[in-house]
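For what it's worth, my numbering labels the leading residue of the sequence shown as 661, then goes sequentially.
Do not rely on the hints blindly, as some may be mistaken.
[Said to hold, decoys possible] With beta-carbon atoms standing in for the labels, derived distance ranges:
| id | residue 1 | residue 2 | range |
| --- | --- | --- | --- |
| 1 | 718 | 668 | 21 to 31 Å |
| 2 | 783 | 676 | 29 to 39 Å |
| 3 | 697 | 671 | 14 to 24 Å |
| 4 | 774 | 700 | 32 to 42 Å |
| 5 | 741 | 769 | 14 to 24 Å |
Keep in mind the hints are simulated off the structure, nothing from the lab. Computed from a prediction, not measured in an experiment: that's the story for all the values here. Beta carbons: idealized from backbone N, C-alpha and C, even for Gly.
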Amino acid sequence: MSCPATPFSEERPPDPNTASFSRWWYHGDGIWVALAPPYEGRWYAGEPALKVLWYSEVAGELRIAGTRMDSPGAVLSAEVPSGYEQPGYQPSSILVPEPGCWEITGSVGEQTLRVVADVLAADLHPLRAA
661 MSCPATPFSE
671 ERPPDPNTAS
681 FSRWWYHGDG
691 IWVALAPPYE
701 GRWYAGEPAL
711 KVLWYSEVAG
721 ELRIAGTRMD
731 SPGAVLSAEV
741 PSGYEQPGYQ
751 PSSILVPEPG
761 CWEITGSVGE
771 QTLRVVADVL
781 AADLHPLRAA
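Between the sequences and the hints, there should be enough to build the whole structure, so can you do that?
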């Protein structure tokens with residue numbers, strides 16, 4: 661099965677400082693999400709957890725969830741530091757346990773961004789310790 665990965669958006673968050681964080685943004689429903697620059701827009705499984713920046717146009721708590729689409733059972737874990745409930749940016753770390761086709765959602769209030777990602781094997785992770 662091929663993974664119907666979500667294409668990157670040409671739109672950037674309205675805040676120029678946040679927008680400059682990455683060249684690889686996803687956008688929808690008032691929410692943007694981007695992977696940290698070392699990943700060059702690619703998702704990786706395993707440790708270390710991925711550094712992911714979110715931006716929302718509405719205030720509220722960011723909730724992140726994800727499941728593997730091409731094999732049942734696996735669930736990702738996400739850490740969202742507190743103290744970022746105003747509209748704007750929200751850092752997070754996401755640990756995808758295994759490679760495959762994953763659906764990752766971020767929600768703030770009634771707004772939700774859904775991203776389908778083709779997650780690569782952990783041994784390809786650019787920040788993995790040798």
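A quick look at each hint next to the structure:
1. Remark: the range hint 21 to 31 Å for residue 718 to residue 668 is upheld by a beta-carbon distance near 22 Å.
2. At roughly 36 Å, the beta carbons of residue 783 and residue 676 sit within the given window of 29 to 39 Å.
3. Taking 14 to 24 Å as the suggested C-beta distance range, the pair residue 697 and residue 671 conforms, at roughly 18 Å.
4. Taking the beta carbon of each, residue 774 and residue 700 are about 22 Å apart, not inside 32 to 42 Å as hinted.
5. For the pair residue 741 and residue 769, the supplied restraint of 14 to 24 Å holds, since their beta-carbon distance comes to about 19 Å.
The structure fails to meet hint 4 from the earlier list, while all remaining hints are met.
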